[in-house]
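Colleague: Spelled out from the first residue to the last, the chains are:
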Amino acid sequence: MRKTYCIILLISASFIITAFIGQQHPLPTTLNLDIPKGWPKPAKNIFAANPLTEEGFQLGRKLFYDGRLSRDGTVSCASCHQQFAAFSMYDHDFGHGINDGHTNRNVPPIFNIAWMNELHWDGGINHIEVQPLAPITAPNEMGETIENILKKLKADAAYKRMFTAAFGDAQITSQRMLKALTQFTGSIISANSKYDKVKRGEAVFTASEEAGYRVYTAKCSHCHPEPLFTDNSYRSIGLGFNAALNDMGRMGITGDAADSLKFKVPSLRNVELTAPYMHDARFFTLTQVIQHYREKIDTAMATTDPLLKNRIAINEQERVDLLTFLHCLTDETLLRNKRFAPPAN
Amino acid sequence: MHKYWWSLTVLILLVQPAVLAQSKKKPAYGTVKIAFTNTVGASPLVLHDSTYSNAWNEQYTVTKFKYYISNIILHGSRMAKAGNSYFLINQADSNSHTLSIRMPAGTYNSIRFLPGVDSSRNCSGAQTGALDPLNDMFWTWNSGYVMQKLEGFSTQSNFRNHKIEYHIGGYKGEHHVLRPVELAFEDNAKLVVKQGYTSTIYIRANLDKIWQGPYTLKIADTPLCTSPGAMAKSIAGNFAGIFSITGIINPAD
Chain A
10 MRKTYCIILL
20 ISASFIITAF
30 IGQQHPLPTT
40 LNLDIPKGWP
50 KPAKNIFAAN
60 PLTEEGFQLG
70 RKLFYDGRLS
80 RDGTVSCASC
90 HQQFAAFSMY
100 DHDFGHGIND
110 GHTNRNVPPI
120 FNIAWMNELH
130 WDGGINHIEV
140 QPLAPITAPN
150 EMGETIENIL
160 KKLKADAAYK
170 RMFTAAFGDA
180 QITSQRMLKA
190 LTQFTGSIIS
200 ANSKYDKVKR
210 GEAVFTASEE
220 AGYRVYTAKC
230 SHCHPEPLFT
240 DNSYRSIGLG
250 FNAALNDMGR
260 MGITGDAADS
270 LKFKVPSLRN
280 VELTAPYMHD
290 ARFFTLTQVI
300 QHYREKIDTA
310 MATTDPLLKN
320 RIAINEQERV
330 DLLTFLHCLT
340 DETLLRNKRF
350 APPAN
Chain R
85 MHKYWWSLTV
95 LILLVQPAVL
105 AQSKKKPAYG
115 TVKIAFTNTV
125 GASPLVLHDS
135 TYSNAWNEQY
145 TVTKFKYYIS
155 NIILHGSRMA
165 KAGNSYFLIN
175 QADSNSHTLS
185 IRMPAGTYNS
195 IRFLPGVDSS
205 RNCSGAQTGA
215 LDPLNDMFWT
225 WNSGYVMQKL
235 EGFSTQSNFR
245 NHKIEYHIGG
255 YKGEHHVLRP
265 VELAFEDNAK
275 LVVKQGYTST
285 IYIRANLDKI
295 WQGPYTLKIA
305 DTPLCTSPGA
315 MAKSIAGNFA
325 GIFSITGIIN
335 PAD
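Chains as they are written, first to last, in our numbering: chain A, 10 to 354; chain R, 85 to 337.
Heads up, a few of these hints could be off.
To give a feel for the contact side, a few chain R residues facing chain A, derived at Cβ under 7 angstroms [unchecked claim]:
| hint | residue |
| --- | --- |
| 1 | Cys207 |
| 2 | Thr212 |
| 3 | Leu218 |
| 4 | Thr224 |
| 5 | Asn226 |
| 6 | Ser227 |
In short, the hints are calculated from the structure, not lab data. From the three backbone atoms N, C-alpha and C, an ideal C-beta is built for every residue, glycine too.
Please put together the full structure from these sequences, using the hints given.
Modeller: Right, here's the structure in full:
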């Protein structure tokens, strides 16, 4: 009698447990964007309508590293945004797309982009979520249609599982794909360079680094202010017009002549790793860049930034110290962070 | 005794929903359908196979005609706004020609809508439904929606293959193309919305008026316009004038 009782109890318990498991998908694990101390709030509060979760982040990570987002399967987001180059393209002047296509501009690094209201060198992208549409559909980059990508993803069991884990059901839509990608790219934060450690009291500058920091503060920080080392504005630094590229910069977006040859101010963080420099990749070393500011700025051009009308006086000692300081902006943990590396499968 | 319990249960089940409904006092809503007919003059638009002539004696065919309708508002004794509704009217897809919204019951004198997508929705990130980039109405290099898309061919076009291409958009600054359209109903044909019923507004979108409005649009001068700017704004001004009400069907009394 007692035995029967036990069996009945066990069977009913197992029924209840099975029903419970079968009924609900586990909820995705909420993540918090780890905003470094003293930093402003991210632009547009990007994760307000796109709750950051571990499952969403991992889905975005898989998408970021998946060549199937391009037409012939050879180019992923990570092809041009390499972790070891602070998510810029190492040693390349222009991005490489399918069929040996080349972009018209230097690949910008993608870290701290959660703090950008607009993206791309010309600020043409008005929201981080819609940015991937540009490289994905550009014939010289990934050359694919959103329609085809969704077909490929829907045919993949792993994606079905991961979309379900991230969003509660297996529906695979462009919106979900873009939101997942945003969860990954928006989470890439660089805030652990030697400079950051000094600010947190965990390290000290050498004399030369300290002197370089003073040069930076006096001569660079207006357009490259801490803590992001960019004000994300559009400026012309008197590079002149590059006829081979026929690139008018910000003016191409606004149609305003006052924006002619203006480009987004890039961050100085990880600048050691993101050579070559400028939108048209014309400088291969930081010394060339400093030389431009010292002697080569085209001050006669109408839209050259007023701050640069007299160029920037930097003597040899200052140049050396400044370079030493700029190397303090390299964030080794960003390069080695396993969460941003290609997924295992 | 058993019988008593049984009838009491039935009574409670019957009465409870009515009591609940009473206590919530939901406003009465009806359905409003808006049926768009794209025409050239009086004849329905035919893609590909019909050649039309505009006011400047330029001949053209139409291969694509799509436009957004959003921010629909009805004006009457009260103002009613359709919540969060974006529709893409696509000539090639007859299912898209009639849109349906829920509106509070009442009598209305006019309808107001935006031919296009408001500025806020242009910069709110990845969207879905009618606003999904899959619909090929989103500029990827200069984020924003193409509000109206008209494509075809014309012998007067000096663009390659004699193509004509008008992708009208732009939501910011002086070149924004957002022009709400307000259409009044006839005095003897106001729109009546009744709870549980469907009312229909018939709207004609007459392509012929794109060429001659506040702005003189000649194919020979401007066969294409595919980015925000002064030209897009001028063409959008004409576009706002293509709509007219051709009829109303109210629920029978």
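Colleague: Which numbered hints turn out to be false for this structure?
Modeller: Violated hints: none; all satisfied.
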